[in-house]
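Colleague: Listed below, chain by chain, are the residues.
2 protein chains.
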Amino acid sequence: MRTGLQLGIAGLGTVGAAVVKLVAQQASMLAQRAGQPVVITGVSARDRGRDRGVDLSPYRWFQDPVALAADPRIDVVVELIGGANGVARTVVETALRHGKHVVTANKALLAHHGLALATQAQQQQRILAFEAAVAGGIPVIKAFREGLAGNRIREIHGILNGTCNFILSEMRTTGRDFAEVLAEAQQLGYAEADPGFDIDGIDAAHKLAVLAAVVFGCAPDIGAVTVEGIRHISAVDIRYADQLGYRIKLLGIARQHDGRGIEQRVHPAMVPVSSPIAAVEGVFNAVVAEGDFVDKVTLVGRGAGAGPTASAVAADIVDIARGCFVPPFGVRVEDLASGDDASGAGRPGHRGAFYIRLMVRDQPGVIADVAAALRDQNVSMEAMLQRGRSPGGVVPVVLTTHETDEAAMKRALHVIGGLETVVEPPRFINIEKF
Amino acid sequence: MRTGLQLGIAGLGTVGAAVVKLVAQQASMLAQRAGQPVVITGVSARDRGRDRGVDLSPYRWFQDPVALAADPRIDVVVELIGGANGVARTVVETALRHGKHVVTANKALLAHHGLALATQAQQQQRILAFEAAVAGGIPVIKAFREGLAGNRIREIHGILNGTCNFILSEMRTTGRDFAEVLAEAQQLGYAEADPGFDIDGIDAAHKLAVLAAVVFGCAPDIGAVTVEGIRHISAVDIRYADQLGYRIKLLGIARQHDGRGIEQRVHPAMVPVSSPIAAVEGVFNAVVAEGDFVDKVTLVGRGAGAGPTASAVAADIVDIARGCFVPPFGVRVEDLASGDDASGAGRPGHRGAFYIRLMVRDQPGVIADVAAALRDQNVSMEAMLQRGRSPGGVVPVVLTTHETDEAAMKRALHVIGGLETVVEPPRFINIEKF
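If you read the sequences in order, they're chains A and B. Heads up, the first sequence is in the working numbering, so the first residue is 18 and it goes up one at a time. Heads up, the second sequence is in the working numbering, so the first residue is 18 and it goes up one at a time.
Excised from the complex, chain A in its bound form (with noise of 0.2 Å):
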């Protein structure tokens, strides 16, 4: 006879193993909280030999893990593969057609194919839980979907990638630069070996669309979502940012604007240094947001890791066991925003504040061409910074703007760039003043 909830665990790298040594450490407790037993009963990954360090024997194995999430003995599949396609989506859907819950850690799968999903799970009646896909073990989805959903949400924005915060972090303490720290984040693990995914800001988007479409009730629409990485941070900026009284963060932001749609970008930003988020280290995360009546709620704790996301994983499981069911963005899919509104379309261009930084030949003249390119853009400087003299060498010059028009800030760079004085092309990172 099958008593409590039947879990089948599809992926079994250290966030599966955390899950299932989570589930066994705690069933007494999670049988309590869910209010019957939580039971482990298949088990899947690529490699059965490997040792995870928690004990699978009690497990039955499945070699596919299609058959998994087909298995009529299972209530709920936990999807832990990861990637937008191939086996992990194959996964979910088969989970979803046989009627079972469905539990994920997956964002790039939900950036993708997140309103495919949420409307076979609401043709089923079934779950769709993905509280591990952001911000790892900090609740936010919950903490937002729910936690306030008597708002209507303005604006949420966040630091969703540990790796990238890790790395901006040190070189700061450090005064490293940027192939260098993440050279050692690859050695401490907090780096892939292809860190593309991070540091150019692909997994922080998928994350950001997530997010986005739990808080404003739209589609996840990984297209409308601006992004850019760090590389392109220099140990120059960070030094300027201090000097400035800014930390460099990479931040996903999204923001709705009344009837044009939904803003969400990604990309290094300096925040005040008096700022709450500029105070997250190292490999914490950060996510805010802003409702018409809540005002600021700020969630900080760690983004990532194997104990953070399991615990996440292991909320879904209880609401799952307590029935309860609310819908994966908020609202049925029917009632999701028009793809319109979420993919922004008819919205205006960014305004903000920039951080402009030029290298230059260090000689009479320059800086009356640069301010006169700015001027014809009708972008107004706020301070100029040349520090350090190099007559006839190349020098940084760095400026910062008043708020204004990125697309007229991007034109005015254009031109001095093209200044025979300006021997790279000029950088500029957005200033948010949150």
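It is possible that part of the hints are untrue.
Said to hold, decoys possible - Taking lysine-lysine and the DSSO-like style, the derived pairs with C-alpha atoms no more than 27 Å apart in a straight line are:
no.: 1; chain 1: A; residue 1: Lys313; chain 2: B; residue 2: Lys427
no.: 2; chain 1: B; residue 1: Lys427; chain 2: B; residue 2: Lys313
no.: 3; chain 1: B; residue 1: Lys427; chain 2: B; residue 2: Lys450
no.: 4; chain 1: B; residue 1: Lys313; chain 2: A; residue 2: Lys38
no.: 5; chain 1: B; residue 1: Lys427; chain 2: A; residue 2: Lys38
no.: 6; chain 1: A; residue 1: Lys450; chain 2: A; residue 2: Lys427
Unchecked claim - According to the in silico footprint, chain B covers these stretches of chain A (three or more CB under 8 Å from chain B):
no.: 7; segment: 33-45
no.: 8; segment: 107-121
no.: 9; segment: 250-257
no.: 10; segment: 424-431
What the hints assert, rightly or not - DEER-style ranges, computed between Cβ atoms:
no.: 11; chain 1: A; residue 1: Pro289; chain 2: B; residue 2: Ser397; range: 48 to 54 Å
no.: 12; chain 1: A; residue 1: Gly340; chain 2: B; residue 2: Ser397; range: 36 to 42 Å
no.: 13; chain 1: A; residue 1: Glu197; chain 2: B; residue 2: Arg392; range: 49 to 55 Å
no.: 14; chain 1: A; residue 1: Pro381; chain 2: B; residue 2: Ala252; range: 52 to 58 Å
no.: 15; chain 1: B; residue 1: Val440; chain 2: A; residue 2: Val253; range: 56 to 62 Å
None of these hints come from the bench; they were simulated from the model. Ideal placement from N, C-alpha and C gives every residue a C-beta, glycine not left out.
Using the hints, position chain B against chain A.
Modeller: Below, chain B without anything else, positioned relative to chain A:
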């Protein structure tokens, strides 16, 4: 014909009026998120004539809130009257007895009668929800009880009273003394005419008892909370804290000691300037939970005020509309930790580091006497500061200790307080190094 979830609002102070406003203003959004319309049916308050800035004419008026609680047309009673006993308690008990769900912001009621009310709710198979009772708009109950359900929580701590945090922040930034800043807080409406409830730590103790019950799965036990307020914090202490690298905060702290119950304390504490909680200033609240899988999760936001509190009430209403049934304290009442565990019977005395301030006559030998008294109780000094001289006059002497037994430290202070050269009762403040 009735459609949707019918609310009765008992109590129309600033929070009650904000709930009425929220439900009216966000009606279509709430209906989508709740899966059904959310409708105010009846309202009740003492004074019908008062202008509350919201139109009450669409709602049935109940002069008697207990009649509202018993009315068959109402599904959910929202109790916003306040107070541990009296009419608020009668309203909640009546509502549950008549098979209605209850949403309340009443921490005093829950801290004193939480177990009885949770038992009644369980017998009636109804929801007793209280997100608004702790930390205002921050969804701390949901985030910890549900979002961290996979964890054994080892400790929680937080800034739970915005009035005290405002006063302590103002004292630090302006250098003024307690009484003066309290008067300002009263003028600004941040403190009541009778401020004892806030500044003596009682409000924070109610919230801590409720939050501890939720995270540790025990009955709230206000009698188990050690409480000390901020009246005795002087401008001198604030200044010395600054010099020593600390901020003074009124904290609520609850800690699980394996097999030895739960330690629950509310008192002013010095926290390192570098700790995240030190940066939470003014009327903001912050709560940190530490779980075995998730590590630390921190939530920050507005801990009081009409809008944030209404936001929390609305979240509970949406949960009820969706039928999300979570026991008030996370597990069924028969599974709550036993009274002995919860009351901390047999728990060890507190150990920690301390700041000690003495007002002494500035004459030779004083420090030697003080040091001897500490040595006799095995209290180890970490630092001593005596800035400013006033030969023959009275000067402050400040000490910090290493981790020590609180009882031993108090015995030493008793001796020190009896010294002829010590002219005021010694003051001490816990140092907490989170």
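Colleague: So, for every hint listed, does it hold in this structure?
Modeller: Hints and how they fare:
A C-alpha spacing of about 41 Å is found between A/Lys313 and B/Lys427, which places the hinted pair above 27 Å, so the restraint is violated. This hinted pair does not check out: B/Lys427 and B/Lys313 have alpha carbons roughly 32 Å apart, beyond 27 Å. For the given pair, B/Lys427 sits about 20 Å from B/Lys450 by alpha-carbon distance, which is consistent with the 27 Å threshold. A C-alpha spacing of about 19 Å is found between B/Lys313 and A/Lys38, which places the hinted pair at or below 27 Å, so the restraint holds.
For the hint pairing B/Lys427 with A/Lys38, the CA-to-CA distance comes to about 44 Å; that exceeds 27 Å, so the pair is violated. With a C-alpha separation of about 20 Å, the suggested pairing of A/Lys450 with A/Lys427 holds against the 27 Å cut-off. Only residues whose beta carbon comes within less than 8 Å of a beta carbon in chain B count, and the segment 33-45 of chain A has 3; three or more means the coverage holds. Counting residues of the segment 107-121 of chain A whose C-beta lies closer than 8 Å to any C-beta of chain B gives 0; at least three are required, and the coverage claim is violated.
Coverage of a stretch by a chain is defined here by at least three residues with a beta carbon nearer than 8 Å to that chain's beta carbons; for the segment 250-257 of chain A and chain B the count is 0, and the condition is violated. Against chain B, the segment 424-431 of chain A contributes 0 residues with a C-beta closer than 8 Å to a partner C-beta. That does not satisfy the three-residue criterion, and the hint is violated. Hint check: A/Pro289 to B/Ser397, Cβ distance near 41 Å, so the stated range 48 to 54 Å is violated. Remark: the range hint 36 to 42 Å for A/Gly340 to B/Ser397 is contradicted by a beta-carbon distance near 55 Å.
Here the CB-CB span from A/Glu197 to B/Arg392 is close to 51 Å, well matched to the stated 49 to 55 Å. Between A/Pro381 and B/Ala252 the C-beta distance comes to about 55 Å, which sits within the given range of 52 to 58 Å. Between B/Val440 and A/Val253 the beta carbons are some 58 Å apart, a value that agrees with the proposed interval 56 to 62 Å.
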